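Participant: Start from chain B and add chain A according to the hints.
Top line first, the protein sequences correspond to chains B and A. Residue 114 in numbering that gives the first Met the number 0 sits at position 115 of the first sequence, and the numbers go up by one each step. Residue 524 in numbering that gives the first Met the number 0 sits at position 525 of the second sequence, and the numbers go up by one each step.
In case anyone wonders, no lab produced these hints; they're calculated from the structure. There could be a bad hint or two in this list.
If you want the ones that stay clear, here's a sample from chain A, every Cβ over 10 Å from chain B, calculated [what the hints assert, rightly or not]:
1) 122
2) 124
3) 130
4) 132
5) 133
6) 221
7) 273
8) 326
9) 401
10) 458
11) 516
Within a straight-line C-alpha distance of at most 30 Å, the following computed DSBU-like cross-link-like pairs (lysine-lysine) qualify [stated by the list, open to error]:
12) 64(A) to 251(A)
13) 64(A) to 203(B)
14) 488(A) to 460(A)
15) 284(A) to 203(B)
16) 5(A) to 251(A)
Keep in mind the model is a prediction, meaning the values are calculated, not measured. Note that beta-carbon positions come from the ideal geometry of N, C-alpha and C, so glycine has one too.
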Amino acid sequence: MDEPCGVSRRELLKRASLLGVALNAVPLIQIDGLRRAPLETLTASEGEALEAMAARIIPTDENGPGAREAGAARYIDRALGGALAGSLEAYRSGLAAMDRYAQASKGAAFARLPPRDQDALLTDMDNDAAAGFSGAAAFFNLVRGHTIQGTFCDPYYGGNVNFAGWDLIGYPGIRLAVPAGDQRLDARPAPTHRSAYDHAMFAKRLPSRAAVADERHPHGD
Amino acid sequence: MAIDLKPTDVVIVGLGAVGGVAALPLARAGLNVIGVEAGRWLTPEDFAPDELRNNVRGWPQSVQKANGEVPTHRPNASAPRSPRPGIHPMMNGVGGTSLHYWAQSWRLHPWDFKVVSETTRRYGAARIPRGSTVEDWPLDLAELEPYYDIVERELGVSGKAGNIAGRIDPRGNIFEGARAREYPMPALRGTGFTDMMGDAARKLGWHAFPGPAAINSRTYDNRTACAYHGYCSRGGCHIRAKGSTAVTTIPKAQQTGRLQVVTEATVTRIDADGNGRVTGVTYVKGGEEYFQPAAVVLLASYVYENVRMLLLSASAAYPRGLSNNHGQVGRHYMSHNQGAAVTALFPRNINNWYGLPAQGVAVDDWADDNFDHAGLDFIGGGNMWVYSDRRPIGAANMTTFGRAPRWGAAWKAFVKQNADRWNTAYLQKTTLPYEDNYLDLDPEIRDPLGFPVCRITADHKDNERRVAAFIQDKMVEWFMAAGAVTTEKAPVGTMGPTTHAYGGTRMGDNPETNVVNRWGFSHEAPNLGILGASVMGTSGARNPTLTAQALAWRTADHLARNWKAVTT
Chain B
0 MDEPCGVSRR ELLKRASLLG VALNAVPLIQ IDGLRRAPLE TLTASEGEAL
50 EAMAARIIPT DENGPGAREA GAARYIDRAL GGALAGSLEA YRSGLAAMDR
100 YAQASKGAAF ARLPPRDQDA LLTDMDNDAA AGFSGAAAFF NLVRGHTIQG
150 TFCDPYYGGN VNFAGWDLIG YPGIRLAVPA GDQRLDARPA PTHRSAYDHA
200 MFAKRLPSRA AVADERHPHG D
Chain A
0 MAIDLKPTDV VIVGLGAVGG VAALPLARAG LNVIGVEAGR WLTPEDFAPD
50 ELRNNVRGWP QSVQKANGEV PTHRPNASAP RSPRPGIHPM MNGVGGTSLH
100 YWAQSWRLHP WDFKVVSETT RRYGAARIPR GSTVEDWPLD LAELEPYYDI
150 VERELGVSGK AGNIAGRIDP RGNIFEGARA REYPMPALRG TGFTDMMGDA
200 ARKLGWHAFP GPAAINSRTY DNRTACAYHG YCSRGGCHIR AKGSTAVTTI
250 PKAQQTGRLQ VVTEATVTRI DADGNGRVTG VTYVKGGEEY FQPAAVVLLA
300 SYVYENVRML LLSASAAYPR GLSNNHGQVG RHYMSHNQGA AVTALFPRNI
350 NNWYGLPAQG VAVDDWADDN FDHAGLDFIG GGNMWVYSDR RPIGAANMTT
400 FGRAPRWGAA WKAFVKQNAD RWNTAYLQKT TLPYEDNYLD LDPEIRDPLG
450 FPVCRITADH KDNERRVAAF IQDKMVEWFM AAGAVTTEKA PVGTMGPTTH
500 AYGGTRMGDN PETNVVNRWG FSHEAPNLGI LGASVMGTSG ARNPTLTAQA
550 LAWRTADHLA RNWKAVTT
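Next comes chain B alone, as it looks inside the complex (with noise of 0.2 Å):
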């Protein structure tokens, strides 16, 4: 597999260029039906919770588009057939689990309760106080770690869909050469929105394994 993120996403950058329309006018109903595309990991419910719960942890507000938007749930479904398979098992016990407690404490799936539920849910799972839900918080936590990537991941995976990610930050996106000027510490430079695999330099290879190294400890080489 060559294009873990979608041909029909790169096809519709390229038609959208070849008819000159920037890439920021590419009408948001076309990206959210690539986002509505079919699941490739998970089942269809497997997938609701996955999204609703992802909405919560980056959620859609007057701060902008979240997780949702971003294509977070999307991102990780794919990523479960590949770089995260290791991971598959946990998300399928999960949400199951998740759903469970949900039914169990609120009286409906997770996907179907209001925010504020939701909220409320998440926070039992954030503490590792869900009761009948061993290892709730690992799971939280696998979530949000993984909901955080596909966020704000280079779009070539299939999410930060429309760059949702990298504008709600003000990450001025991938450029090749960075003149001293947009160092300065009052610069903006306008973002790019443009994925590293937009240059044709770069071999779309796939990573052979997932591990997650930990960003927080800087490695000194």
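Facilitator: Quick look at chain A alone, frame taken from chain B:
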């Protein structure tokens, strides 16, 4: 049965940061060299600016045999094993980890070579920490200086000298030992943020300066200048501006016609005869086993693998492992006390989105013995380093300084505002060797070929913990002087697998306490040389690579000049 290959002059085990350097003086001297490397060649197209792949999922390290050999760790001999990381800190590949390292290219401080005698002279022998096995190096900075000078030029190092033959220049590091001449390239440029930090340091009366890096600040050796794109850490350089041995000394050695590179070959044993001389190496490639005879073997893998290879190469002459008849292989292990960082929050964006870890500002006022330790309860110190480097996933994973929850709307609002307002300083601190910090073979965990992996038994001692606390306080002072609103200190962490490991085959004149002699050759197997930070007896307070490379050049140069003596 292994397939016997044609004998060669020198076989180098591992063509990374040090093996890749040693090949050049040997090839230039007309010796035939075979470099056996577990990884393969990587090219610019492999180095995409892709944070998820490079930094989160551990590529390009994941290409690798190393990931099947991650050392285990326990803090002491009676403690249980610590959780084992999924990826090795180093990678295989022609050029090794120098493909994607930060390329900070420091010389050690004069004090680092003479910790015992200098501490004794200035403060008394009682100030050497109890249980430490530290010795003076068998050489001093002046003796290593010509080799630093050579590798700085062959790799291409940018920087600003602070001490040229005793003339102090405050634009560079006023604490550095004397050097013969200026760096071959000017320092990498400053940023708005690093300039701000430099000003704050000077306001405190400290001496800020740009650090040295094996990264081109201008076109050098037909390689282009750094473009500051921001994906330097663990990403490799797609324009060859980083002076990895894969684009510097290795191709230069190949141009002589004397270096043969064998890739995707895993060395399983260094062979020795009944007289204790090494005869060559056995390696596995493509499912076949080969024996490569050589007059000299240079072991140039990483610290953990150097030790492991020796211990796995037992023979009649070396029943406890090659060159281990004195029981010194694996002793005097150090990591670099790289934990205990400090992270600061600023009241404004600091525009750290581009740049590289080597583009920064350093303060050495509290490193080594640059300050009076008379009233303090430790020796040594730390190099403080602040730099411009930020990527979006890492930015979103920022600490919230206790000011916001870890998820939800309040988290999102916090990260939206502060993603570009924080910075983590890199604090490298003196680490000493101790009697009970060591490497050996794990009795249970094996690699995919069935060989035991390396086991680390080590923990930070009082001296190292005191250095860490002292330097963290200094770093907080520096950040606050620059206008930070709050700071957060990280714990010292464990001494588990790290990119800055030292010792295990220490260099010294005394064969009772050291594995290699002052030239880097085994006290026991005279035609076995060992390269890398495994020969270093002290850590210094700065990145080890340039020192390991200067020592590698020196060992290779010694071999070329004394070929008959070493090989007969």
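Participant: Work down the list of hints and note, for each, if the structure agrees.
Facilitator: Hint-by-hint comparison with the structure:
The non-interface label for residue 122(A) is consistent with chain B: the shortest C-beta to C-beta separation is roughly 29 Å, beyond 10 Å. With a least CB separation of 32 Å from chain B, residue 124(A) remains clear of the 10 Å interface cut-off, as annotated. For residue 130(A), the condition that its CB be more than 10 Å from all CB atoms of chain B holds, with the nearest at approximately 26 Å. The Cβ of residue 132(A) lies farther than 10 Å from every Cβ of chain B, with a closest approach of about 25 Å, so its non-interface assignment holds.
The beta carbon of residue 133(A) sits about 22 Å from the closest Cβ of chain B, which is more than 10 Å, so the claim that it is off the interface holds. Non-interface call for residue 221(A) relative to chain B: holds, since the shortest CB-CB distance, roughly 19 Å, exceeds 10 Å. Remark: the non-interface label on residue 273(A) is consistent with the geometry, its nearest Cβ contact in chain B lying 41 Å away (cut-off 10 Å). Interface exclusion of residue 326(A) from chain B stands, the closest Cβ pair being 32 Å apart, more than 10 Å.
At roughly 15 Å from the closest C-beta of chain B, the C-beta of residue 401(A) stays outside 10 Å, upholding its exclusion from the interface. Here residue 458(A) stays apart from chain B, with its beta-carbon at least about 17 Å from theirs, past the 10 Å limit. Its beta-carbon lying about 29 Å from the closest one in chain B, residue 516(A) satisfies the requirement of being farther than 10 Å from that chain. The straight-line distance between the Cα atoms of residue 64(A) and residue 251(A) is roughly 26 Å, inside the 30 Å bound, and the hint therefore holds.
Annotation: proposed proximity of residue 64(A) to residue 203(B) holds, straight-line Cα distance about 22 Å (limit 30 Å). At most 30 Å may separate the alpha-carbon atoms for a hinted pair to count; residue 488(A) and residue 460(A) meet this at roughly 19 Å. A hinted pair counts as satisfied when its Cα atoms are at most 30 Å apart, and residue 284(A) with residue 203(B) qualifies at roughly 27 Å. A C-alpha spacing of about 24 Å is found between residue 5(A) and residue 251(A), which places the hinted pair at or below 30 Å, so the restraint holds.
Against the hints set out earlier in the document, no violation occurs for any number.
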